[in-house]
Each structure stands twice: as C-alpha cells, then as structure tokens.
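**Student:** Generate the whole structure from the sequences, applying the supplied hints.
In case you want the letters, here they are:
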Amino acid sequence: DIQMTQSPSSLSASLGDRVTITCRASQDIANYVAWYQQKPGKPPKLLISVAAILQSGVPSRFSGSGSGTDFSLTISNLQPEDVATYYCQKFTGVPLTFGGGTKVEIK
Amino acid sequence: QVQLLQSGPEVKKPGASVRLSCKVSGLIFTSYGFIWVRQAPGQGLEWVGWISANNGDRHYAQKFQGRVTLTTDTSTSTVYMDLRSLTSDDTAVYYCARKPKDLATDYWGQGTLVTVSS
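Chains A and B, in that order, give the protein sequences. Numbering (our numbering) for the first sequence: 1 to 107. Numbering (our numbering) for the second sequence: 1001 to 1118.
Just so you know, these hints were derived from the structure itself, not from any lab. Only true hints are included.
Derived DSS-like pairs (lysine-lysine); straight-line CA-CA distance at most 27 angstroms: (1) Lys103(A) to Lys1063(B); (2) Lys1023(B) to Lys1013(B); (3) Lys1023(B) to Lys1101(B); (4) Lys1012(B) to Lys42(A); (5) Lys1101(B) to Lys45(A); (6) Lys42(A) to Lys1101(B); (7) Lys42(A) to Lys1063(B); (8) Lys39(A) to Lys1023(B); (9) Lys39(A) to Lys107(A); (10) Lys1023(B) to Lys45(A).
Not the full set, but computed from the structure, chain B residues with beta-carbon under 7 angstroms of chain A: (11) Gly1044; (12) Leu1045; (13) Trp1047; (14) His1059; (15) Ala1061; (16) Tyr1095; (17) Asp1102; (18) Ala1104; (19) Asp1106; (20) Trp1108; (21) Gly1111.
The beta carbon of each residue, even a glycine, is placed where N, CA and C say it ideally should be.
**Tutor:** Laid out in structure tokens, this is it:
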C-alpha cells in the first residue's frame, strides 16, 4: 500500500506568515492528491484537488503544488480563521490513504 | 444542494455490532461512489472503505476486512456501514462522504459518534 507522510505534525506561525505543509507519497501517484482543512467538531473540507486546483470559495491564499511523490500546501498571509488541522489524501487507487495531519496554530 | 445526513450517535458494548446510515440527497445517487472515514478522539483521519452506488463494488481497508460491510439502498439513496465485533478502539466519529470517480472526496456528512464501552 502507498503511504502518505505529512510534515510537520504541527506548526505555530504569526498572522500574515507564509506556511508550507508537505506530503510525501511512498510511490508515484501523479497528481492525485487532495488537501483538506478540518476544524474541531466539523467534517473535513476539501480545499485543493488534483494537487493544485483550488475549490470554489476557497481563499486564494491557499495553494497546492507537486506531482509524483512530493506535494505541498501553502497558506500565504496566515489568517486567524486558518487555525485548523490539514490533511493530504491520495484519491485514486485503494486504499485512499490520508496523511497524518498538520495542526496549524497562531503564535 | 448535495447533502449527506448521517444517523445519530451510538453507544455499544464490546463485542456488539453497529449499523450507521448516510442518507444522500441533491445528486444522482447511482452516479457516485461513497466512502467511510473514521476519526478516533484526538487522532487523524482513517479511511475505512469505499462502495460504488452504481454497481455495489466495494473495497475495504485491510485492517477492517472481515469486520465491516458497506451496502447501499438505491430506493432510498442511503449508504450503510455495518461494523462488527466492536472494541474500545472503534470509539470514533465516523464520516460518510461522496467520492466521485477519479476525483477527490468533496461532500461529507456531519459525522456519527460511536462509543464502545462496557
């Protein structure tokens, strides 16, 4: 099975900072990666699909990149409402594995 | 609009079984696959399994093989998850979600808390 290794597991940054979360697949998965944001007590929300396609309504400060085995989610200009846990997921081929998550906090 | 409405919280004893439901509306049910994902308290997301509402094809995460069954009822646009031989490790919030073919999971239910305790 393909593993998805996400890092860091947590980070603390200042308002307005640029934050990058990485996700590494154990095998080439082309660009079949999605990124989700999850706030406490809520289901995950799809932010980015196919590694880089921003979903409708998601602020443009979120961006995704990567292909093959290395992917990243960047939040430019970190805002208070971005406090959440972020997950990557491979979305083709079972199992549909998630990364371990990255908890983002404001310093 | 697309909605996935999950059944209410469950409290079960170890060794029991649980059936969760996920009623879907606002889409053509048989055009999609659906997944179940669980989240233990304070933990990350764990994929449980996938089922096609078109033809009933299904895949399960290896750790749940033999203990989980996903089914659909096309007459009511409902997806079900049966989980057997429950242990305290199965205490989690269980989410159902829409999984279009070759696209990311996009719509999620509100989650169902399953508590396993003696």
